[in-house]
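> Chain residues, written in single-letter form:
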Amino acid sequence: MSEVISARALRELIGGWLKAGIRVAGPRRVATDQVAYAWLDRPEDCLLGGYIHPHNSIKEFFFPRHESLYEYRIEGKKIALKNPEPLADERIVIGARPCDAAAMPILDHVFNWDFKDPFYNRRREQTTVVTLACREHDHECFCTSVGLGPDAERGSDVMLYELDGDMYEVRCVTDKGGNLMAGRTETSQLTGSVPPGPAKKFDLAYLRETIGSKFESPVWTEATLRCMACGACAYTCPTCHCFDIVDEGNARGGIRAKNWDACQFPMFTLHASGHNPRNTQPQRQRQRVMHKFSIYPDKFGDVLCTGCGNCTRHCSVHLGVQTVLEAAEKSWRNATV
Amino acid sequence: MLNDLRQTARQLLADKKVDVVIGYGQADPAGPAYPVFITRPEDTEQLVFNDRCYNNLTTFLTRKEIRAMGRAAVLVKGCDAKSVVVLAVESQIDRQSVVVIGMACNGVGQPSLAKCRTCDVHMPRHTDMVIGQAADHAIEAKDRYAELAEMMSKSASERLAYWGQELSRCVKCYACRQVCPMCYCERCVADKNQPQVIKTSATTMGNLAWQINRAFHLASRCVGCDECTRACPAGINLRLLNLMLAQATEEQFDYRPGMDKDAQPVLGCFSVKDKECFIK
Amino acid sequence: MSETQTKHDFEPKIVAYVCNWCTYLGADLAGTNRLEYPPNIRILRLPCTGRIDFNLIVKAYEMGADAVLVSGCHPGDCHYTSGNYHARRRWMLFRVLLEGIGFDMRRVHFTWISAAEAKKFQEVVIDITEQTRALGPYGDFRKLLEAPVC
Amino acid sequence: MCACEARDNTDSLADGTISRRENIYQPSLMEVLQVRRQSADVKSVRLRFSDEAEGKAFSFKVGQFGIFSLFGYGESVFNICSSSNWKDYIEFCFRKTGRVTNALWNIEEGDTLGFRGPYGNYYPMDAWRGKNLIFIGGGIAMPPIRCAIWYALEQRQDYGDITIVYGARTVGDLVYADELDEWATRERVRVVRCVDPGGETPDWKGEIGFVPTVTEKAGIAASNAVALVIGPPIMIKYTLPVLAKMGLADQDIYTSLENRMKCGVGKCGRCNSGPVYVCKEGPVFTLEQIRLLPEDF
Chain A
1 MSEVISARAL RELIGGWLKA GIRVAGPRRV ATDQVAYAWL DRPEDCLLGG YIHPHNSIKE
61 FFFPRHESLY EYRIEGKKIA LKNPEPLADE RIVIGARPCD AAAMPILDHV FNWDFKDPFY
121 NRRREQTTVV TLACREHDHE CFCTSVGLGP DAERGSDVML YELDGDMYEV RCVTDKGGNL
181 MAGRTETSQL TGSVPPGPAK KFDLAYLRET IGSKFESPVW TEATLRCMAC GACAYTCPTC
241 HCFDIVDEGN ARGGIRAKNW DACQFPMFTL HASGHNPRNT QPQRQRQRVM HKFSIYPDKF
301 GDVLCTGCGN CTRHCSVHLG VQTVLEAAEK SWRNATV
Chain B
1001 MLNDLRQTAR QLLADKKVDV VIGYGQADPA GPAYPVFITR PEDTEQLVFN DRCYNNLTTF
1061 LTRKEIRAMG RAAVLVKGCD AKSVVVLAVE SQIDRQSVVV IGMACNGVGQ PSLAKCRTCD
1121 VHMPRHTDMV IGQAADHAIE AKDRYAELAE MMSKSASERL AYWGQELSRC VKCYACRQVC
1181 PMCYCERCVA DKNQPQVIKT SATTMGNLAW QINRAFHLAS RCVGCDECTR ACPAGINLRL
1241 LNLMLAQATE EQFDYRPGMD KDAQPVLGCF SVKDKECFIK
Chain C
2001 MSETQTKHDF EPKIVAYVCN WCTYLGADLA GTNRLEYPPN IRILRLPCTG RIDFNLIVKA
2061 YEMGADAVLV SGCHPGDCHY TSGNYHARRR WMLFRVLLEG IGFDMRRVHF TWISAAEAKK
2121 FQEVVIDITE QTRALGPYGD FRKLLEAPVC
Chain D
3001 MCACEARDNT DSLADGTISR RENIYQPSLM EVLQVRRQSA DVKSVRLRFS DEAEGKAFSF
3061 KVGQFGIFSL FGYGESVFNI CSSSNWKDYI EFCFRKTGRV TNALWNIEEG DTLGFRGPYG
3121 NYYPMDAWRG KNLIFIGGGI AMPPIRCAIW YALEQRQDYG DITIVYGART VGDLVYADEL
3181 DEWATRERVR VVRCVDPGGE TPDWKGEIGF VPTVTEKAGI AASNAVALVI GPPIMIKYTL
3241 PVLAKMGLAD QDIYTSLENR MKCGVGKCGR CNSGPVYVCK EGPVFTLEQI RLLPEDF
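Chains as they are written, first to last, in this note's numbering: chain A, 1 to 337; chain B, 1001 to 1280; chain C, 2001 to 2150; chain D, 3001 to 3297.
In case anyone wonders, no lab produced these hints; they're calculated from the structure. One or more of the hints may lead you astray.
Straight-line distance between alpha carbons at most 20 Å, and here's what the computed SDA-like set of lysine to any residue pairs gives [what the hints assert, rightly or not]:
id, chain 1, residue 1, chain 2, residue 2
1, A, Lys200, B, Gly1031
2, D, Lys3245, D, Ala3221
3, B, Lys1275, C, Leu2097
4, A, Lys299, D, Ala3221
5, D, Lys3096, D, Arg3037
Use the sequences and the hints to build the structure in full.
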């Protein structure tokens, strides 16, 4: 026994949400060859197939690339601070990929260890994530290598599985998801399944065990010398979360804002004195990969990567977590032979 | 052709004429090629050349990490060869100390990229050697800029709205800048904060200011390799911005960057006869 | 509020980037000659038109300008010999980019005004102010400024 | 730790507003009480909480840092260089180098700044009780040492001999010069001042030489001692072997790292050195701890 919904009913449901003033985001064609997670204006904007992975990730809806932390007004020698606008709107992300949804519990750790980030948390509370299990993958996908897969439920409130005849099986993962879909589905005998995901690209257990002692390994330089030092990998990544805090305004006032930042920029760690702890590009690539597979896991258990492949997919020199780790594993295993 | 390339590279390294060959490698024939840095003659077998060799490798000629490797030989397609010319004209490289290996090219991408459809430099120019053969056809100037016609037929208001929409996707990853061989500044104006001329925020306005800045700093310097457009993760058609300026540069000054190594760069000089009908 | 009323109440903000040696002195002379011109103009003095970074023009719109005037020495009169020639060439191309992106070119003005041309300065400012007033606020650009992020 | 727990309290408001208390990025406002010029490019600033109650509730431990902001320019990270025993105000010290500090240079009494903190760990002043203290600093590193010196002097009976070695490029670059003179008059305190060769003035009475050499020659007794060494990386690098030669163990040598930080609360991801977030688990480390970190600072 299962719960199902027809494609038409699903679109109607999206239409109903939009009509009720709920903000709905999902995969949407934004240019001829471009699919992005974006706010939907109409139910038909939402794509439920025909692409592998949008060029961005759903982290945008929880941790936007630019967000005001508060406003300041300058009145002579006095300053007045004003809270940001209330974050009260209910939101739904539909058609998330499992690798994107899985990033949310990972980011939860960062934004809640010790100090709690209210902006992120408020959006998490307000957003329901409806995930669409994957039926296709490309060369860059490697979710299976980091312990996830095309139907991984982690981070999702509802899972949708494509069935024959324009139907979707609906599996509610959380109460939040259950509430969202309650009364919207029909009972059926059909159950959804997905084809196997991509073949494993690297041995996670081996790398986790080894990487901590490989800070000085020559592989970092060998494998990453071609890095162009842009932030495409970090900004399309569902789990990268580094940010900058800047003031924007004029002589009378303005906002203090949180903007995305990326460890691949030389400016990221540059001290005012001119000293830069990560002075070369391979050092910065090492930081990115080690943050994901050593620093973060040592602190929080999981790896800071969901295998979506966006880093490699959007890299102008085909360099990403997957390519670096493949090279690293090969090099380190050979060295021990 | 591939044998010639590997043989040439091997010889250059074996004879110690260069310390590194900047070329293309490809781990997976189905995937894209990517830059490789070959320092030993025996590694030249890694070199490939095919229609997946997108990168403009001349960007690496000004990179700190690559410069540290010593004298370089670099593989260029016809379009990339133009950036070598501009880099030399702008004194960013010592042309005599770089070996430029031209690769005859019939276009990259399947289907070919937009730039390849109006390419008239299938055979690279101003290189130290050219490997392979390709036929060049003259392209009429108007065909080079045909893509602009549709955009320019819209009203100003519509165009502004179009760019606002396109640039709302920009995340300021600066991939467009980083892949560009002409963006070699030690510290980009976008990274300077005293004063902060361009907002660092990836808001529509911040992105517009950034892209205007990027496009105009490349005015009459951009060789049209279109790497910025290919590198953009958000798929913004930056090519159109570059084309606008390329067209104006060709129409007003009869100048195409990188085509003539002896021509004076347009914005590096002036003429007292320059048109000024727009100035009252 | 009706369209006509909006335009009537509307006081355009106009930013003028002028060179120190000609147009600024022209404006100064206009002042000492008691030539009246609208107060809508905000003059920003730079050493030379060659110093007027194109980013400044964009910045003016970002800060809420409805029109921008760039003005300097007549050809041949540059205090630094050739700054205005370089600037002219730069604007020839920059205008094309602005136009292509869809800036309203009726809101971007370039003039040569010498230190003696107080009258011309007055006329130009009156002219631009009235033109901009007729165009109304630069709404298309405000829309970009206010576009939300996510 | 004091402030962190208070901030954990999430009293969210029903309409979705993020309250002042919840917003970990929102600073407290502070009034500038005094600005003192310490050298050609260094100034120290004394601040008081604009909200009296907030000031009363505030406490920190020496060695912790704060994030100070000048509205319209941004935030900058500085050590709180006043002693934690001083209740009515806090102080920080800055060198004019970047966007924020260049703008801070022009502040005056009565201006309002923002402050978030205190953040990070602190000097183990309790564990140092009964020990002889060796403070070694270079250049702008005096302020983060000064707070510990004052704290120790105020609890004088708890600590043994105090030796302060402080060097700068020139005589004019020595910050808190007046306080150095005052400390030198205290009992069981020895102050060794030095300037780089060529940086001396005709009437200079201190040493001439670099901090490591001067430390070596000073003949400081290392038994039952701990050392706090802060300064530019090159100074630290050459001072450490000297301390080892004197017989100090790695766990008795402390320093404070100065990685670039933005959030100060372990989120923004730039201050880490290997697995350690300097803003959370630092900035104070023993040499023993630092030896375990990758060279990423």
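> Does each hint fit the structure? Answer for all of them.
Hint-by-hint comparison with the structure:
Between lysine 200 of chain A and glycine 1031 of chain B the CA atoms are separated by roughly 17 Å; this keeps the pair inside 20 Å, and the hint holds. Simply put, lysine 3245 of chain D and alanine 3221 of chain D have alpha-carbon atoms about 11 Å apart, close enough for the 20 Å limit, and the pair holds. In summary, the hint linking lysine 1275 of chain B to leucine 2097 of chain C is supported, as the alpha carbons are separated by about 17 Å, within the 20 Å threshold. Restraint check for lysine 299 of chain A and alanine 3221 of chain D: the C-alpha separation of about 40 Å exceeds 20 Å, so the hint is violated.
About 11 Å separates the Cα atoms of lysine 3096 of chain D and arginine 3037 of chain D, which keeps this hinted pair within 20 Å; it holds.
In summary, the one numbered hint that this structure violates is 4.
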